[in-house]
Structures are given as structure tokens and as C-alpha cells.
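Chain residues, written in single-letter form:
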Amino acid sequence: MTGGLEGSSGETVLLPEAPALSMLYLNAAATAARRRFSGTRPDGALPAARHELRDVTADVDKLTAFQHLLGESAGDHLPAGFIHALAFPVAMSVLNRDDFPLPLLGMIHLENHVEQYRAVHFSEAMAITAWVENLRGHRAGSLVDLVAEVRGNDGSLLWRGVSAYLAKGFFLPGVDKNGGRSGRDDALFSPPDPTAVWNLGVETGRNYAGVSGDFNPIHLSVLSAKALGLKRSIAHGMYLASRALAEVGPVRSDAFSWDVNFEAPVFLPARVALEINTARGESGQWSRSDFTGWNPRSGRRHFTGTVAALP
Amino acid sequence: MPEAALPSEENQAKDARQHAAVRKAVVIGGNRIPFARSGGAYTRSSNQDMLTAALDGLIARFGLQGERIGEVAAGAVLKHSRDFNLTREAVLGSALAPETPAYDLQQACATGLETVLGLSNKIKLGQIDSAVAGGVDSASDAPIAVSEGLREVLLDLNRAKTLPARLKVLSRLRPKDIAPDAPGTGEPRTGLSMGEHQALTTAQWKISREAQDELAYNSHRNLAAAYDRGFFDDLVTPYRGLNRDSNLRPDTSMEKLATLKPVFGRNLGTEATMTAGNSTPLTDGAATVLLGTEEWADERGLPKLAVVVDGEAAAVDFVHGKDGLLMAPAFAVPRLLARNGLTLEDIDFFEIHEAFAGTVLSTLAAWEDEEFGRERLGLEGAFGSIDRSKLNVNGSSLAAGHPFAATGGRIVASLAKMLHERGSVDGRPARGLISICAAGGQGVVAILEAYTTAEGAQA
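If you read the protein sequences in the order shown, they are chains P and Y. The first sequence maps to residues 1 to 311 in the numbering used here. The second sequence maps to residues 1001 to 1459 in the numbering used here.
Chain Y on its own, in the form it takes in the complex (with noise of 0.2 Å):
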């Protein structure tokens, strides 16, 4: 049995009168601040600094002063466990009205797009009319817990209640309890590293690396000429002192990334091929994005650039290797194109999120291979290849790098901007695909089209 198992005919006109009767989700804009290299310039900003900064330029950019929000939804994948209600305590310490609720989201990378796909629904179910989404991360400031003979001591402690008690539970303690455990990012199921998952993926995809170099190479290009046209300047809110992300680097080169030495796979039977420079390293950052519905967006004058349309999650056996780590999007977007009647020729702009440059060539080469496309998507061959000069144009996270949950913030208000500025192509809106993978063997990917009015004329 197909793991896509693909709608009939019959369900997908029954889907779309449904979706003609509920409302529209428009993206109004998005905020971030620039990302920064862990252990840089927000070394000493938390999650909830970082979030609230985020969120307090997207406040000013649109107006949103004392503003009751319909809802706030946001997250982070390291997080603190004293930050229960982190994105309700950023909107307190923000300018939005303080009635304005807010929940928290946890989806690993995906938890960003997440917030967006899930309080877009609301907005099309009419729940609510407005709702800021995004996502935020610090490796620098991450989480270290202490060691599970000590916890296990200083719970029984607060329970004992005479001094002898106490005196015996801690008499329990050895000297390895006090070592904390500092947060790992291998699986919990496999103890692989996300970068040694993808690894495998990598040669069992047979990608080389220069085809990774060189994906590697087109987005630090493609990011420094966006932010040298300003394609940024109505995306991004300077932080401590970065206005650009500092991961970028405008004068890399084919060569220089040629000359890194490989860090994952180097125990594999095949050549390794993921250097630091075609991998994204840890980053620290956040961002925002403002939904809303058009009545919303026009009773304040705010711009409506991009519709949310659709959104799909999908999740693969990746704990006994049936597939990659990071290759659930390979099953979610044939999913979700075949249930809005698309294929890859009709959209526009491909926001692949670069986690390595291997996961995304190994889930383009999954696309195009006919067994694969057979086997496991149950179609009658491959799924399709794209046109590369649609991919990740104006850049991503090997580029930007990728605070985790605050990438899917990044590349909504990014594209939503692109399909503005593209609005119709051949006589209909233009239409952006985002693919996101995920810790976990997790995935969520989603369909947005340029606003534009009934008329098809441009917004």
C-alpha cells in the first residue's frame, strides 16, 4: 500500500466546495530579526528577548499598537521548561493589547509553518479574524538540564519531611550526578545527529558534493542579492546591532566551499560529502508573520500579499531505515498537490528549507525516480522534477542559517512577499510551495498564491 494514498476524483470536488465556503487566510506581511551564528550576536538573548523583538517590529511595521490579536501562536524546539507559555509572556512584554491570547507549538523545524497552517485554518473557519504566527530558537542560550540521579535526589528531597530523610536521600548522590546533561541534537530512538541521518540519505541518494556545494553556493548568492536589491528591507528589523544575517557570505565561492573537510558520513562505505559550508550550523533568531482576513487587512489599510491555500504533514519510518530521517516532504507535497488538482509545472517558486544541501537534492532526486514514484507514491512513474531557477531564489537557510522554529516565519513571509510582487502568471495568482523537514522523521509543506482580487487583477 502507497504511503500517498492519493484522493479520487470524486473527493477532491467535494474538497473544493468546501473550501469555497470557508473564508480566506491572507498573509498581511511578516517580521524577523536578522539571523545570528550561535554564540554571536544574541549570545545573551533568550527565547522570549528574541521572540518579543520579532514581534515588536512587525507591532510598529503594521501598526498593531494596542491591538487585540485574535490569536498568537508560536514556538521553539530548545527550549527552556520554565518558558511553559512563551509566546504568551513575548505578547505581554510586547505592545500588542494584553487580551490578546497566545498558545506555544512544539513540531521540531516545522513548528513555525505549523503555527501558520494552523491559525490560518482558524481564520478560514471564522474563529478568528487576525492572528500573528511564528516561531524563535537560540542555540546559545539553550536549556541544560541537570542529571537524572540528581533530579531524581532533589525531587525525593522536597518530598522528605525529617531531617534524617533528607539526610538519606541525599547520601544517594554520587559524583557522576552532578555533571548536567547538555542538550543533544541526535535522535532519541537511533542516536544518530541529524547530520549523520542525513548522511545516509545523502549517499543512499547518491548526491555529490558538488551538486551540494553548489546548492550551497546559489543561496549565499541568492541571499546577498536580496538584501542588496532591499528585499528585505520590509522583512527585517535590525537586533543588537545585525542588520543582515551573519551567516551570509556574499563571497563564497565554488572553490572555497570545495576546500572544507567533510563532518558527517565519514564512516559510511561511501565518500562523505557534507562539509560545515553545505549543512546549516546553529543559529540563533526569530520570526513573525501577520495573518489576518481581508475584511481585517482593509479596515486597516494593511497590504494582503499571499493566500494561505492548503497544508500537509507527513511522517516516515526512519528508526529502521526504510527512509530518511529528513525525507517526509517527499511524501507530503505529492499529497497536498494532488488534493489541490496541481503538479509540480504549477508552481511558481520553490521554497525547499535547505536543513542540508543533501536533503533537499536527495528529496528532488526521490521525485524524479521512477521506483521510487511507483513504490512508495503509488503513482504511475516519477512524481517530476522542477525548474531548478524556481528554487530558493531569494535564498535560505544555508545561507540565512535556521533557528528552528523560527524558519517557517522566515520562508511564509518571504514567499508571501514573491508571489506579490510576481501576482499572476498566465492569467492566474502565482503560486509559491513551501517544503519543510523535521526532527522526528516529520515534515510540513504548503501551498500559498499570490492575493489577488476576483477580477484576477493584482491586489
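So that you can see chain P by itself, here it is in the shape it has in the complex (with noise of 0.2 Å):
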């Protein structure tokens, strides 16, 4: 499906439609078959296309469903995670592209920083790019950043996402593998006091895959998950990440960054302890709040993240 979208270098490909995540998904299974079997390996260059969406609007009863599954106010405004889930097809179709080195399926999201910079209203129309940059190493991989950017009609910036994706144990050749960081601060974690405890039935990754159409089959259930060698299907991240984005609450005011690191997955069913902690500046104002979700049984950490006004 992505044969007519083969943008040579620095060019924009124009996306007739947003392109279907279960049709993205089967064909990256596809492209996993066919590599495998031709034994064919990509070199390590990053397509430099990108992939542009326009016209693109929210429907609103999936605006209310994601606010409301995701705990927010369902006012006229859209939540960032909400415009992620927008975003989200569009990059997917990068990764996608036949010339992309990685495989799609099995890559995992480790980081997430969003920028948005003004309340964006269910009714305006926006224009979506995306495209991958900075392809580096890791010690468990390689590492990519899918870099999404959304502008309103008059062209301006309303909202800027960097994800950082990880295909584990996929080394390309003239990437160096121990550049780049060598992975997160490993020292032991111990829990602060919980500010909430989130109850995750194994209906979670199906529910957020409703609101966000995000299908990935690790999300939907034990046996999707198992065909891709889970034990269990996993939380999506960005239902953590847009969950905690929820709790901080209306001081975040319109225009803020938003930052989350993805750690041990969270396996549904689930408990995730969750501390929020806020600061404040001289004159009172607020400032961040950083947020921690972890496993209140076994103590490991499931996710750090930050939300902060933009200076």
C-alpha cells in the first residue's frame, strides 16, 4: 500500500486520506515476511520524506470517548494525547514506508516529548507531518525519532511530538551500537508515596485502541499479544502517559510540554501506583508536575514523565 508514497529524498508526500492503522499493521507484517525470506536488509539511511495529512478535523464523539476514557474535562478543546492519536496514522505510514530500515512491528515506544502550544478546538482543521530523524544507536538496538508536527490553517505550530522508538536487538550496519545513551538510570527505584492507584482491567489496551485507533495486536488481548511474544497484553503508553496528563488537571493552563519515558511494560490486568508532584515558582505559579507510575507489588517502575509550562 505504500508504493504510490515513495518520496525521493526531502520530499513532502501528500496522503490522500488517513491511512487505516490495521492496513498499515498487516503490511508491516507483510514487509516482516518478505525481508525474512529474501534475506534483504535495508542499509541504515532513513527515508528523508515526509508524510502530510491535510484538512484533517476531530470527530467529536470520539473526542468525548477519549475524554472521558482518559479522565478529562470534555470541554470543546483537544487533549494532546488526544491530537497524538490524530497524528498517529500519519507516522505510522513513515514507518511503514518499503524504504523505512526497521521493522515496524515489535518496535517499542521508550520516550515520548510533545510540545503543544495553544487549546486547539474540535471544530478547526489541521495539517499533520511526520517523519523519522536521528537514528542511533542503543544498547539493546537501534533507536529512532518518529517526529510529528501539527499546524493550523494559517500554518502556525499548535502542537510538535517527538516519540523515540526502540527496534530491540535490530543492529544496522554504520550505526554504532554503543552510541548514543546507554540506557536509563538503572539504580534501584524505591517508591514514594502513591497520589493515586489506577485499577487496569485486561479491557484497558482494547478500550484506548477504540478511542485512539491504535489496533497494535500486543494491546488487544493475551493471545495477540502471545503471537508477538508477550506473555500478556500491555497498557498502550500513551494511554499511561495521556492518563497522568489528565490527573495533573486544568493548572497545566493551554500552552505546555509534555514529556514521558517508558519503562517496564505494564501487563494487564494491572495496579499502577501513580505520584504526582508539583512545583510551584516564587510568585505561586505553577510551574511542572512530575509524575512516576510504577507496580505497587513488585516496585518496579513503569513510566516517568513531566508536564511543565513552556517558558
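Everything labelled a hint here was simulated from the structure, so no lab data went into it. You may find that some hints are simply not true.
Unchecked claim - Keeping only pairs whose Cα atoms sit at most 25 Å apart, straight-line, the calculated SDA-like set for lysine to any residue is:
#1 Y:Lys1390 x Y:Val1425
#2 P:Lys231 x P:Ala209
#3 P:Lys62 x Y:Val1309
#4 P:Lys62 x Y:Arg1082
#5 P:Lys62 x Y:Glu1089
#6 P:Lys62 x Y:Lys1122
#7 P:Lys62 x Y:Ile1144
#8 P:Lys62 x Y:Asp1141
#9 P:Lys62 x Y:Gly1040
#10 Y:Lys1124 x Y:Val1309
#11 Y:Lys1256 x Y:Ala1224
#12 Y:Lys1322 x Y:Lys1390
#13 P:Lys168 x P:Ala119
#14 P:Lys62 x Y:Ser1385
#15 P:Lys62 x Y:Ser1140
#16 P:Lys62 x Y:Gly1241
#17 P:Lys62 x Y:Gly1039
#18 P:Lys62 x Y:Ala1095
#19 Y:Lys1122 x Y:Glu1089
#20 P:Lys62 x Y:Thr1252
#21 P:Lys62 x Y:Ala1142
#22 Y:Lys1390 x Y:Asp1369
#23 Y:Lys1124 x Y:Asp1310
#24 P:Lys62 x Y:His1080
#25 P:Lys168 x P:Ser123
#26 P:Lys226 x P:Ser298
#27 P:Lys62 x Y:Ala1041
#28 P:Lys62 x Y:Leu1242
#29 P:Lys62 x Y:Lys1322
#30 P:Lys231 x P:Glu263
If you follow the hints, you should be able to join the two separate chains into one complex; please do so.
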């Protein structure tokens, strides 16, 4: 399906419509099989093409369902995580290109950085552009940044997201596997007192797939996750990050940055303990909220993150 | 003994002295979302969603981000049991300081007005300096309960300790227990719907079909005109794509209203006159009102539109047919005006909630009736009649719709703005009367006055 999308270096490929994620995952499986069968391995270069989808507007029923599931107030403005979900199919279509060197299936979302510059009303038309950059080595494989930018009709930047993905055990020629970061802080984590506990049922992944459109099989059921080598299904990282953002609450105002680092995956069903720690400036205004999620039984950390006022 | 035992002159004087000792509760402004017919634009929005949306619009309009308000009170009539802290949850989801306390109130359709009166009293007494009153209702997202049979089984199941005990409990379950209990609009004690109750009253007071249609027509015409001249620009915040109340029919006419078939009172001995056009539809929406002391408003440079002068609640014995279900305001208003030394002639704006056109007209008919005045109100004769050109001049519930608990906030904010625009009348502050009937045979009424400075000049 990406046959018509082979933009040459630096070219912007205009997508005619939002790519169906189910087709992208199917195509990714086919590409993986083809590469295994033919033994071909792409070289280490990332495609330079950018994929763009214009005139994107939110479906208001989906918006409400997203807000209800994530615990956001169901107002008329789009949660930052909802914009991520709108941009996600465009971003995935870049990873699905034939000339993208890493296998899409099984890639692990390690970090996410978002900057939201102003509130976006659900009726606003948006243009979404996505590309990949910054391929680098990691002790466990190769890391790549997936960048998405969302602009308004006047061309102003509304939202920018950078997602770092790890292709575990996949070492590309010409990329230094010891380069880049050597992994996260492995110092022993001592859990703080939780400020909240989430009880996540097995349906958590299916529910989030329903509101975000991300039907990656590793989130849907025990069986589909097992097929991809996991013992059980896991919660979407962006579900956890969006819920933490919702719990930070309206204090974040309209413009903010939102960072999250994913560590141990959350196998469903699960209880996740959460701590949110708020820092204020000298005059008492909110400056940032740091959040941490962990498994209250094992003490393993699932994620850390920060929501902060933009400078 | 007449129900409306009026205070003596001596008591009135004492009341006046007491009033002078308390602070003023000022209406600073209001915000609501457009009201939507049920099953429309707000079908997926919960009460909490809509109340938060109305609250956030109020916060944005008056710059209350991060502000700790003295207290927020609101409520809903159709309320899920999980929403026991509906108002507090809406506050937590809003941009108000999380240290803002809140409580829920429930008095059927009088909920919104009662939150205004209760919070105003706290302001007057010096307990709080600022408050947000409001209400919300969703007929689309209404709660559905499990049947009594299933509920009892589930509760016993939870208490059963062993597997055999649980199985024994489960064996009591019958197929009919699976059917849910949908919310009803009937009065629990009479089994009659509100519309059927009103049909009895409408027939009792011999209110004609044409008079009801005319009231409905005026409501639509007045509301449309108010929107057209921008009256609601600083009272309403769009939500979910809606900019105006979706029930509003600017192009309706007496002819169109006359074509509608009666829906209530079809089995009474008289002609059925109540149609979907002269009854309010089920509606979704939310409304909020910002209240404060004069000082609190001045410190923030906020407007002072009107003063909450006084309020009165009444109830009638509708169960055994002594009075109509929605006739309590017919008793509350005479008591309230007497306590304040006022008559109907002293009122510049009448805001009589249009649950049904027949409700408004039956109330007015009762006030004009000699016998009712003498025997029920304890007066010399009829209570009086009102100048119809002062009634619901910017439209009311027949046009805007009526999300039960939201109606009080809608009326208070609109009336406060109307009073502010009018300023003074004959050297005294313009004065408005609000009358809201409610299920259970209750009614809450209130007097608001334009806020004017001590010199009598408009603030």
C-alpha cells in the first residue's frame, strides 16, 4: 500500500486520506515476512520523505469518548494525547515505508516529548506532517525519532511530538551500537507514597484502541500479544501518559510541554501506583508537575514524566 | 386558615432592620452553554461534562483561573448515583483553585434558583465573599437503574460468603428482573406525569389553547430577538458546536403552533389543549452564576449587575387535588412580595418559568381570581394582574428548553443583565421577580434588583 508513497529525499508526500492503522499493521507484517524470506536488509539510511495529511478535523463523538476514558474534562478543546492519536496514523505510515530500515512490528515506544503551543478547538482544520530522524545506536538495538507536527490553517505550529522508538535486537550496519545513550538510570527505584492508584482491567488496551485507533495486537488480547512474543497484553504507553496528563489537570493551562519515559511495560490486568509532584514558581504560579508510575507489588517503575509550562 | 399567612406590619419593620445589618449579595454575571434538545448535540456529554463546560466559560469570562471561590453549589435532577459529588468534581476539573469547596443541591426544577438563594444568604451573613451557583441536567445521558429484584439479588450476592450461598441467592433471579428501570417523569405519589398534572390545572383554570400557543409564540419570538441583538453574547459560551439553544424556532407562527396535536389531557372531560409546542421539551444543558460581595467584585474590577434581595419557597398539597402540582409559586409570590412591602405593580420584569404555557397562565389566572385571593391567599380580593409586556421579555423555557436544574441559573443571569441595562425606574432600582415551579408540588421565587450606588445612580 505504500507503493504510491515513495517520495524521494526531502519530498513531502501528501496522503489522500488518513491511513487505516489496521492496514498498516498488516502491511508491516507482510514486509517483515518478505524481508525474512528474501534475506534483504535495508542499509542504515532513514527515508527523508515527510508524510502530510491536510484538513484533519476531530470527530466530536470520538473526542468525547477519548476524554471520558482518559479522565479529561469533556470540553471543546483537544487533549494533547488526542492530537497524538490523530497524528499517529500519519506517523505510522512513515514507519511503514518500504525504505524504512527497521521492522515496525515489535518496535518499542521508549520516550515521548510533546509541546502544545495553544488550545485547539475541535472544529479547527489541521495539517499533520510526520517524518523520521536521528537514527542512533542503543545498547539493546537501534533508536529512531518519529516526529509529528500539527499546524493550523494559517500555518502556525499548534503541537509537536517526538516519539523515540527502539527496534530491539536490531543492529544496523554503520550505526554505532554503543553510541547514544547507554540506557536509562538503572539505580534502584524506591517508590514514593502514591497519590493515586489505577486499576486497569484486561480491557484497558481494547478501550484505548477504540478511542485512539491504535489497534496494535500487543495491546488487544492475551492471544494477540502472545503471537508477538509477549506473555500478556500490555497497556498503551500513550494511554498511561495521557491519563497522567489528565491527572495533572487544568493547572497546566493551554500551552505546555509533556514528557514521558517508558520503562517496564504494564501487563494487563494491573494496578499502577502513581505519584504527582507539583512545583510552583516564586509567585506561586504552577511551573511543572512530575509524575511517576510503578507496580505497587513489585516496585518496578513503569514510567516517569513531566508536564511543564512552556518558557 | 389561609396558606399565605402574611407578616404583620410590625414584623416587616423588624425584617427591614435585620436586612440593613447584612451585606449585599451581588450578581456579577453568568455563563451557560446553549441548551440542546435531548438526543442532540450533547447526547454523549455527561452532567459533569456540561457543568464543567459552563463553569470554565464563567472562569474565562471573569478571569477566575486559579481563584479560590468561597463556595460553589449546583445540582442535577436526573442524577447518577456515582455523581454524589457532581459539583465538587466539576470544580476539580475546572480552572478554579482546587481549594474551592462545593456542594450538591437537589430541589427538582428549583435547584438552580435555590443554589443562588442559599449562596446569597451565606454572602449576606458574611460566611463567604464569593460564590458560583448553578445547575445542569441531561435527559440524554439519564441514569438507568437495575430492577428492584436484580438489585436485591446483587446486594445479597455480595454478602453471601460461600459458593452454595451465592448459588442460592442467584437462583432467586427471574427473567423479569433483568429489565432495567428507566427513569420516569411521573410523580411517585400520583403516578401522573407532570404534563398530565398540568393538564388538570390547565383545565381547572380554563386556559385556552390559543392563549397557550400565544405564550409559546412570544417565547420563541422574544428569545430569537434577544439572540439577534447580541443579548446572550456575554451570557452563553458555545459548546459542542452549538451557538444557540437548539429548541429555538425563530420562524414559528401561531398557525404552525395551532397545527400540533394535543399530547396531555386527552382523557379529561374538557378539550385537550397542551401540545409539544406549548410544553417544554426534554433538554440538556448547564448554567452558572457568579455571586459576590460588592468589595469582592470591586477588588477584581468585575461588574455588579444586580442584588439578590429575597427569596421564598412554597409547596402545595397536589396529592389529593387541592392545588395543581405546579401551583406553589402562586402562593410563594404573594408571601414574598408582602414581606418586602411590594405589589405586582412594583415589578419591572417578571421571569415566570415556562414549564408549560399552561403553568404560567394558570398562575396568572389564580392571581386574578377574587375567590382564590380571598380564600386561598387570605387577601381582600384578587392578588392582582401583571402587565404582560413585562413577562419573559427575552424568552423563557418554551423556546430555550428546560434542562431542569439549569433553568434557575439561566434566568438569574439573564434577569440580572436586564436589570443592569434598565438601571433605575422612577428613582428606585429596577426590580425583577423570578418564579420557578418544581416537581413535588414545590416552588421557589425570588426578587432581584438592579445594583445601584447609594446615591441612586446606576453603578
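Here's how the hints hold up against the structure:
1. Y:Lys1390 x Y:Val1425: 13 Å, holds
2. P:Lys231 x P:Ala209: With a Cα-Cα distance of about 19 Å, the restraint between Lys231 (chain P) and Ala209 (chain P) holds, given a limit of 25 Å.
3. P:Lys62 x Y:Val1309: 45 Å, violated
4. P:Lys62 x Y:Arg1082: 23 Å, holds
5. P:Lys62 x Y:Glu1089: 22 Å, holds
6. P:Lys62 x Y:Lys1122: Distance ~42 Å between Lys62 (chain P) and Lys1122 (chain Y) Cα, so the pair is violated.
7. P:Lys62 x Y:Ile1144: 23 Å, holds
8. P:Lys62 x Y:Asp1141: Distance ~16 Å between Lys62 (chain P) and Asp1141 (chain Y) Cα, so the pair holds.
9. P:Lys62 x Y:Gly1040: 16 Å, holds
10. Y:Lys1124 x Y:Val1309: At roughly 10 Å apart (the allowed maximum being 25 Å), Val1309 (chain Y) and Lys1124 (chain Y) satisfy the hint.
11. Y:Lys1256 x Y:Ala1224: 17 Å, holds
12. Y:Lys1322 x Y:Lys1390: 30 Å, violated
13. P:Lys168 x P:Ala119: 36 Å, violated
14. P:Lys62 x Y:Ser1385: Distance of about 52 Å is beyond 25 Å: violated.
15. P:Lys62 x Y:Ser1140: 17 Å, holds
16. P:Lys62 x Y:Gly1241: 14 Å, holds
17. P:Lys62 x Y:Gly1039: 17 Å, holds
18. P:Lys62 x Y:Ala1095: 24 Å, holds
19. Y:Lys1122 x Y:Glu1089: Holds, at roughly 22 Å.
20. P:Lys62 x Y:Thr1252: Violated - the C-alpha atoms of Thr1252 (chain Y) and Lys62 (chain P) are around 34 Å apart, more than 25 Å.
21. P:Lys62 x Y:Ala1142: 20 Å, holds
22. Y:Lys1390 x Y:Asp1369: 20 Å, holds
23. Y:Lys1124 x Y:Asp1310: Given that 25 Å is the threshold and the Cα spacing comes to 11 Å, the pair holds.
24. P:Lys62 x Y:His1080: 23 Å, holds
25. P:Lys168 x P:Ser123: 40 Å, violated
26. P:Lys226 x P:Ser298: Given that 25 Å is the threshold and the Cα spacing comes to 22 Å, the pair holds.
27. P:Lys62 x Y:Ala1041: 13 Å, holds
28. P:Lys62 x Y:Leu1242: Holds. Lys62 (chain P) to Leu1242 (chain Y) sits at ~17 Å (cutoff 25 Å).
29. P:Lys62 x Y:Lys1322: Violated, at roughly 51 Å.
30. P:Lys231 x P:Glu263: 17 Å, holds
Comparing the model with each earlier hint shows violations of hints 3, 6, 12, 13, 14, 20, 25, 29; every other hint is respected.
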